[in-house]
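*Asks:* If you want the building blocks of each chain, they are given just below.
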Amino acid sequence: MIDPLIISAIANSLIMGLVALGFTLQYVTLRVPNLAHTTICFSSAYITLTFWLLGYNPYFGVFIGFLESSILTYLLYNFLNMLKARGLDDVSLMISTIGISMIIYGFANIYLDYLAYVFKTYTRTFTLANADFKLLGIPGVIYISLILFVFFLLFFNWLLSTKFGIQLRAIVEKPSLAEVHGVDVKRVVGIAWFIIGGIGGIAGSLWPLWFQCDPWLGPLMLTSIFAACALGGIKSILGSLFGGIFIGVSQVILLSVLSDLVGTWIISFKTLIPLIIASLVLLFLPEGIMGKIQKYRGG
Amino acid sequence: MALIILDIILDVMTFFFMYLIFTSCLNLQQGMTGLTNLGLHFFAAIGAYIFAHTAFLALRIYGIELDYIGVDNNEAVFVLNKLFSTDLLTPIFTLFLTIILVMMTCAFLGYIFGRISLRLSGAYLGIFWLCLADSIEHIGMQYRPLAGGNQGVLLPDFFKALNDYSLLIQKIIVILISIITFALFKKISESPFGRLLKTIRENEIVSQSIGKNTNEIKVKIITFSSIFLGVAGVLVCLRTRGIFAESFNRIDVSFWPWLMFILGGSGNLLGSLLGTLICVVIRRIVLYSKFYLTFLPVDIIWIEPILLGVTLCITLLIKPRGILPEKPHKLKY
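Heads up: the protein sequence lines correspond to chains G and Z, in order.
Using my numbering, you'd call the opening residue of the first sequence number 1 and step up by one each time.
Using my numbering, you'd call the opening residue of the second sequence number 1 and step up by one each time.
These are computed hints drawn from the structure, not numbers from a lab.
The beta carbon of each residue, even a glycine, is placed where N, CA and C say it ideally should be.
Hints may contain errors.
Here chain G is said to cover these stretches of chain Z; the calculated rule only asks that three of the stretch's residues, wherever they fall, bring their Cβ under 8 Å from a Cβ of chain G [claimed, not checked]:
| # | stretch |
| --- | --- |
| 1 | 1-8 |
| 2 | 192-206 |
| 3 | 228-240 |
| 4 | 250-258 |
Which stretches of chain Z does chain G cover? Using the computed rule of at least three CB atoms under 8 Å from a CB of chain G, they are [unchecked claim]:
| # | stretch |
| --- | --- |
| 5 | 111-120 |
| 6 | 314-323 |
In isolation and in its complexed conformation, chain G is listed as follows (with noise of 0.2 Å):
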């Protein structure tokens, strides 16, 4: 039997080691923070919800959380592009994704709303971790994530070296001087958007097989997902990977050593973590630790 804590940690890093991938690629291929992305990938958690209402196995949810989340991503790139295309800043783009975070927030609302008058339950906070299997005392959604995770660093790398990831790839250089070479811009950065979007949604979809959710959850997310990005590098993938595993663990493991250290009282501090790192990262590593090791290099 492992440590539930363990546990929690390897489920938190892995979940948001996927959700900080998809941050930090749609910040180099639009060059705008999604501030939407973490609501648009928790948002999935519903779609979870809904499948064990009805009497399915939760992991249903997962296929359908990536179509979801990689719709809503789409739709959301292209209103951007629109908004873009009208010659709005970089700021304005941002505060535009807070606008789209803000709409899908009341709507997980109102849904939760009408699943509890279904349903006749409590749904503003929910955990399904009794509904998941269990393989040699361990969760299945370690097992999954564990999965996905190792698939999807796989296929990145893969995807990276067909001519689509070439395209991608001069994209994040140079978008106008990819366009100069007939790369179709937009078309690219559009199925990066929806296949990133999906990916998301899914580590989103296996949240709440372990731990609690609720409607704030996505926008709550927002400022961890960030510290990790930040912290491995906002235009590094390699770098969010690493800052949401880091993140991860350490709002777990971190926080049980302090636990021992100052007492349990520390413990409902745990959101304050990434906000800490994120503002100390943002003040004094701004380029974070990818940024920093490709400047010693001299890259």
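Chain Z: place on chain G using the hints.
*Replies:* Using the frame of chain G, we list chain Z on its own:
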């Protein structure tokens, strides 16, 4: 009926004038200087937390020992309400002292954090303030000695001696402070200093090339607006007669003012005024309709964030410069 309508109008007016302080500050920071701030709730929360401690200063003046932020909060409020019913000087002195303390603390913190944040700009700067503000909200919610934690702190009626006019006086104070703030910010925006701010917003290098220390000016702007944001925090608590850390959240205190600011028109104070008015009226309508739409299976209050988002997106799409866009300044020769 007439009294109810009057009460509703007063309620909308108080809300409007309270938000006007936030939008005016945002207009000064983002609209005029280009300093993105997504964490307006940081200084508002600081102001509220200070108020949680100074509000009960009167207890010390009267020589009463009570744990007013903890278990004795209800008793402290009861005792103070009783004492304030015959004394007007002590509560006014307490309020005055609170506002002075809040202004000083917020100015100090605004200067420190403004200086620290100088190396950031645009979206990064906005997210930095958001992180900072969310941190302080979270600390307030978890650390009970600061502002009562999740349960909050109830406040006494500072104008109890005025009996029926107490609420009216509180609303008048909110309106007066807001008008002063707006007038002051309007004066700044029309002054040569206001034009300098716009130059920094448009092209910082140009401002530096004509010998202006843009960093110092930016710090001044953050410090100056922090003072008013802190005071706005006190006014929010005075109105609700309680200090609840969760009421200083990003949606209510930062995102809504952003919508008001964008809807009205960035860089134009009159636009901010119009945007604030429209949003406050819409929000109040949603709130009042909650009491009539009880038959619905969902809580109508969730329409609010949807309205916020939809209005924000439509405004950015149709009128990105707002209803009243910024006009070029006419020089008087």
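*Asks:* A separate judgement is required for each hint: does it hold in the structure or not?
*Replies:* For each hint, the structure was consulted:
1. 1-8: violated (count 0)
2. 192-206: violated (count 0)
3. 228-240: It is violated, with 0 qualifying residues against the three required.
4. 250-258: With 4 residues closer than 8 Å to chain G, the stretch 250-258 of chain Z meets the three-residue bar; holds.
5. 111-120: As far as the stretch 111-120 of chain Z goes, the hint holds, because 4 residues have Cβ atoms under 8 Å from chain G.
6. 314-323: holds (count 3)
In this structure, the earlier hints numbered 1, 2, 3 are contradicted, and the remaining ones agree with it.
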